[in-house]
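As you go down the protein sequences, you meet chains A and B in turn. Counting from 1, one number per residue, gives the positions in the first sequence under the working numbering. Counting from 1001, one number per residue, gives the positions in the second sequence under the working numbering.
Everything labelled a hint here was simulated from the structure, so no lab data went into it. Treat the hints with care, since some could be wrong.
[Said to hold, decoys possible] The calculated SDA-like cross-link candidates involving lysine to any residue, where the alpha carbons are at most 25 Å apart (straight line), are: (1) A:K63 x B:G1204; (2) B:K1274 x B:P1216; (3) A:K281 x A:E358; (4) A:K274 x A:R224; (5) B:K1063 x A:D228; (6) B:K1003 x B:A1026; (7) A:K372 x B:E1395; (8) B:K1287 x A:F404; (9) A:K287 x A:E219; (10) A:K63 x B:G1387; (11) A:K63 x B:A1026; (12) B:K1063 x A:P390; (13) B:K1274 x A:D250; (14) B:K1274 x A:V288; (15) B:K1063 x B:K1281; (16) B:K1281 x B:V1334; (17) A:K78 x A:K372; (18) B:K1063 x A:E219.
[Claimed, not checked] The following label-pair restraints were derived from C-beta to C-beta distances: (19) A:L337 x B:R1076: 45 to 55 Å; (20) A:S233 x B:K1078: 38 to 48 Å; (21) A:G278 x B:K1078: 39 to 49 Å; (22) B:L1405 x A:C286: 28 to 38 Å; (23) A:E32 x B:G1285: 25 to 35 Å; (24) B:K1281 x A:S403: 37 to 47 Å; (25) B:K1281 x A:R375: 57 to 67 Å; (26) A:C286 x B:R1282: 52 to 62 Å; (27) B:E1358 x A:R247: 49 to 59 Å; (28) A:Q391 x B:E1060: 48 to 58 Å; (29) A:E363 x B:E1376: 25 to 35 Å.
[Stated by the list, open to error] Cβ-to-Cβ under 10 Å is the rule here; a few derived chain B residues that face chain A: (30) F1058; (31) Q1059; (32) T1163; (33) H1371; (34) Y1380; (35) G1387.
Quick reminder that beta carbons are idealized off the backbone N, C-alpha and C, glycines included.
2 protein chains.
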Amino acid sequence: MGKNLLVAQSGGPSAAINATLAGVIAAAREEEGIGRIYGGIHGVEGIQAGRLADLTDFQELEKLKATPAMALGSCRCKLPPADQRDAAIYQNLRRVFREYDIGYFLYIGGNDSMDTVCKLAHHFAGEPNAPVFMGVPKTIDNDLPLTDHTPGYGSAAKYLAITMNEIIQDTAIYAVPAVTIVEIMGRNAGWLTLAAGLPRFTGGTKPDIIALPEVPFDEEDFLRQVRDTLRHSPNVVAAVSEGIRDRNGDYVGSSAKSGAVDTFGHAYLSGVGKYLEGLVKREIGCKVRSIELNLMQRCSAHLASLADIEEAFAIGRAGVAAAVRGETGRMVAVERLADSPYAVRLRTVAIEEVANLEQLVPEKWRNLENHKVHREICDYILPLIQGEVPQFRNEFGLNDYISFLN
Amino acid sequence: MGKNLLVAQSGGPSAAINATLAGVIAAAREEEGIGRIYGGIHGVEGIQAGRLADLTDFQELEKLKATPAMALGSCRCKLPPADQRDAAIYQNLRRVFREYDIGYFLYIGGNDSMDTVCKLAHHFAGEPNAPVFMGVPKTIDNDLPLTDHTPGYGSAAKYLAITMNEIIQDTAIYAVPAVTIVEIMGRNAGWLTLAAGLPRFTGGTKPDIIALPEVPFDEEDFLRQVRDTLRHSPNVVAAVSEGIRDRNGDYVGSSAKSGAVDTFGHAYLSGVGKYLEGLVKREIGCKVRSIELNLMQRCSAHLASLADIEEAFAIGRAGVAAAVRGETGRMVAVERLADSPYAVRLRTVAIEEVANLEQLVPEKWRNLENHKVHREICDYILPLIQGEVPQFRNEFGLNDYISFLN
Chain A
1 MGKNLLVAQS GGPSAAINAT LAGVIAAARE EEGIGRIYGG IHGVEGIQAG
51 RLADLTDFQE LEKLKATPAM ALGSCRCKLP PADQRDAAIY QNLRRVFREY
101 DIGYFLYIGG NDSMDTVCKL AHHFAGEPNA PVFMGVPKTI DNDLPLTDHT
151 PGYGSAAKYL AITMNEIIQD TAIYAVPAVT IVEIMGRNAG WLTLAAGLPR
201 FTGGTKPDII ALPEVPFDEE DFLRQVRDTL RHSPNVVAAV SEGIRDRNGD
251 YVGSSAKSGA VDTFGHAYLS GVGKYLEGLV KREIGCKVRS IELNLMQRCS
301 AHLASLADIE EAFAIGRAGV AAAVRGETGR MVAVERLADS PYAVRLRTVA
351 IEEVANLEQL VPEKWRNLEN HKVHREICDY ILPLIQGEVP QFRNEFGLND
401 YISFLN
Chain B
1001 MGKNLLVAQS GGPSAAINAT LAGVIAAARE EEGIGRIYGG IHGVEGIQAG
1051 RLADLTDFQE LEKLKATPAM ALGSCRCKLP PADQRDAAIY QNLRRVFREY
1101 DIGYFLYIGG NDSMDTVCKL AHHFAGEPNA PVFMGVPKTI DNDLPLTDHT
1151 PGYGSAAKYL AITMNEIIQD TAIYAVPAVT IVEIMGRNAG WLTLAAGLPR
1201 FTGGTKPDII ALPEVPFDEE DFLRQVRDTL RHSPNVVAAV SEGIRDRNGD
1251 YVGSSAKSGA VDTFGHAYLS GVGKYLEGLV KREIGCKVRS IELNLMQRCS
1301 AHLASLADIE EAFAIGRAGV AAAVRGETGR MVAVERLADS PYAVRLRTVA
1351 IEEVANLEQL VPEKWRNLEN HKVHREICDY ILPLIQGEVP QFRNEFGLND
1401 YISFLN
């Protein structure tokens, strides 16, 4: 019997991260070189405290693939620098790795989680019997470098495109002038906001305004666009990233905010939609509403994309294959071969080239008045949002989910 | 050839109101006594200005059934008292009814729209060649009297139950104490908030707190419930109606609000979730987030209930049948015959007994700690949320909708 495999999840949830976990379990079970399969509860934080669940005999992989959020739980834990040999958390992890005879450690997460994989790989480098460390990507934000896109983005993009289409329909019914501001996740990268623009990019006229965090936001420009649109349409719909900043780099409306930061030092954002709602009410005076799509854009598994879920599963499998080959300190990445028919190849990249770095919307896709840009964005996003995921409805008509948390 | 039929939509949208329109068109087409079928654009407001679309040859009824919001547009227009013989809007409507030879006027809407039907029936009573006036119910709020429920409620309830289930899953992943407050539509009636409670009523433990507008809200009680829950669970989820009031009948957090009212004199509400978020942050100090489900709870046609859509269609048909029988000043209503297997009978009720009145959650269902109440609520709501509605996705994977607005 070979060494055992440990898999855990970290960072923010998505509709696809459990599909990646299912792929890891499926592949690990087929590998003769792997003994038992353990799931770490609440990421490295729970693992260092010895919280492991034995997943070796877990069978409900299809239901797990249709479960939103994270069946193993998550954490937001920033490890100390890799060269702090005496840090308690590294000592604790070393003890757990030994106790459970872990030969393979797969960590599913986004930018911050790849920082964890990077530090673990460096800290344990050269230690006899240390596991290999493999990063497996996920983030709805789609902001990891060196991968065409990230699992979870396709499902969030599908939720945003279809929900935006419904909101456009809902707000079109009255003849009185009204402005609707839809606030979308994405601290620095506008990938999700681009997805909310799909009803327009595919030939419609709305959303009228699309504001990416990559493009400096000017309040006067925004008000002018609203006024211009109101001249020919009673309803204005704006898709606005939560992370839009002014020319000085300050978050729009930040003067009205607390300045609180999360454990990674990121500014805690909320309410740019509410801020712009107030601005329009004050400066234009028409009916105005803001909508924050909030958690729904990352947890709406009922609207997940089959393409995303199946790819997330395949990425989990690829992570196991790379780990068994002995790769360490690397992350699985997606290389796109073609848009139509959509084809990709999975490979691995050095974790140092990913951790803590962000992939923004490229310069050439920021001019959203350009129809060629619309076509290119559609070519990029549309293959990722196709297909419906089978739902596991219980006797009441609600969804049954998998959870390994007690 | 008989007289012509005019149908219009009014008030707030839902995922089912276009299915009722489809039912009206389907039934009117089969009636030999009906000539052409006209759709009034933007309710009585557009009709009085002569904005009618000819729907006689419209064929895409199945796609119309899957379209959210209102394909004919809406208005929020309160008619003057019925005895104001010289009011311009009545004169204008009379002219349009004559010009288009309207024998049947069906108005699809909620409480306020039934006020319109009531006034029209009284105003035109006894006039030769005046149309019959038939109210056809819709409102996600489920607050019309004399009907077991209203079309649109089932789809909104399904959205709320499934989305709440996903939010519960999303918020369960971290081990750090956190409170999530979900704000749900319903000015005076708690029917939608009850639907958000279905994950608990069907055997789960969350949402931990369910606050109906029918039950006076006490901030100290709420904070105590949050603290109690945090003792055994790191995550608290609260489903809170936008319309909760304190013991004096004042909206919770209203002191922080503008006091603005809509055209019907209803207080304009927003932000009880944000208010409670601030309260928890200040008094308990843990991580707290509020989520406003906003328009999505009424326009999420992608998650519509087939039971609701088919019933809404049947109610449209029943409205035509009653109008052809010569009934006027009445509304189609649903009488429930059995929960399981679910069975209903459609009938009509006098519009005076419906207009401007509200059906609240009954007293006996307000004690949500009682498991017998959970069972009764499930028996009531669950039949209304079953089944999936076929989606009309275009070449891009987005939904194609019908609109008669140009």
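Consistency of the hints with the structure:
1. A:K63 x B:G1204: Roughly 18 Å separates the two Cα atoms, so the pair holds.
2. B:K1274 x B:P1216: With a Cα-Cα distance of about 19 Å, the restraint between K1274 (chain B) and P1216 (chain B) holds, given a limit of 25 Å.
3. A:K281 x A:E358: Violated. K281 (chain A) to E358 (chain A) sits at ~35 Å, over the 25 Å cutoff.
4. A:K274 x A:R224: holds, 19 Å
5. B:K1063 x A:D228: Distance of about 33 Å is beyond 25 Å: violated.
6. B:K1003 x B:A1026: Holds - the C-alpha atoms of A1026 (chain B) and K1003 (chain B) are around 16 Å apart, at most 25 Å.
7. A:K372 x B:E1395: holds, 18 Å
8. B:K1287 x A:F404: Since the Cα atoms of K1287 (chain B) and F404 (chain A) sit roughly 23 Å apart, the hinted pair holds (cutoff 25 Å).
9. A:K287 x A:E219: holds, 18 Å
10. A:K63 x B:G1387: Roughly 19 Å between the alpha carbons, so the hint for K63 (chain A) and G1387 (chain B) holds.
11. A:K63 x B:A1026: violated, 40 Å
12. B:K1063 x A:P390: Holds, at roughly 23 Å.
13. B:K1274 x A:D250: Satisfied, since the Cα-Cα distance of roughly 24 Å is no more than 25 Å.
14. B:K1274 x A:V288: holds, 18 Å
15. B:K1063 x B:K1281: Distance of about 46 Å is beyond 25 Å: violated.
16. B:K1281 x B:V1334: Not satisfied, since the Cα-Cα distance of roughly 44 Å exceeds 25 Å.
17. A:K78 x A:K372: violated, 41 Å
18. B:K1063 x A:E219: violated, 40 Å
19. A:L337 x B:R1076: 45 to 55 Å: holds, 53 Å
20. A:S233 x B:K1078: 38 to 48 Å: violated, 26 Å
21. A:G278 x B:K1078: 39 to 49 Å: Cβ of G278 (chain A) to Cβ of K1078 (chain B): about 28 Å, so the range 39 to 49 Å is violated.
22. B:L1405 x A:C286: 28 to 38 Å: 19 Å Cβ-Cβ, so the 28 to 38 Å window is violated.
23. A:E32 x B:G1285: 25 to 35 Å: For G1285 (chain B) against E32 (chain A), whose Cβ atoms are near 52 Å apart, the range 25 to 35 Å is violated.
24. B:K1281 x A:S403: 37 to 47 Å: violated, 28 Å
25. B:K1281 x A:R375: 57 to 67 Å: The hint (57 to 67 Å, Cβ to Cβ) is violated, given that K1281 (chain B) and R375 (chain A) are roughly 45 Å apart.
26. A:C286 x B:R1282: 52 to 62 Å: violated, 33 Å
27. B:E1358 x A:R247: 49 to 59 Å: holds, 50 Å
28. A:Q391 x B:E1060: 48 to 58 Å: About 27 Å separates the Cβ atoms of Q391 (chain A) and E1060 (chain B), which means 48 to 58 Å is violated.
29. A:E363 x B:E1376: 25 to 35 Å: violated, 59 Å
30. F1058: Constraint on F1058 (chain B) not satisfied, violated at 18 Å.
31. Q1059: violated, 20 Å
32. T1163: Where the cut-off is 10 Å and the nearest Cβ of chain A is about 6 Å from T1163 (chain B), the hint holds.
33. H1371: violated, 15 Å
34. Y1380: violated, 13 Å
35. G1387: G1387 (chain B) check passes; min Cβ-Cβ to chain A is 8 Å, inside 10 Å.
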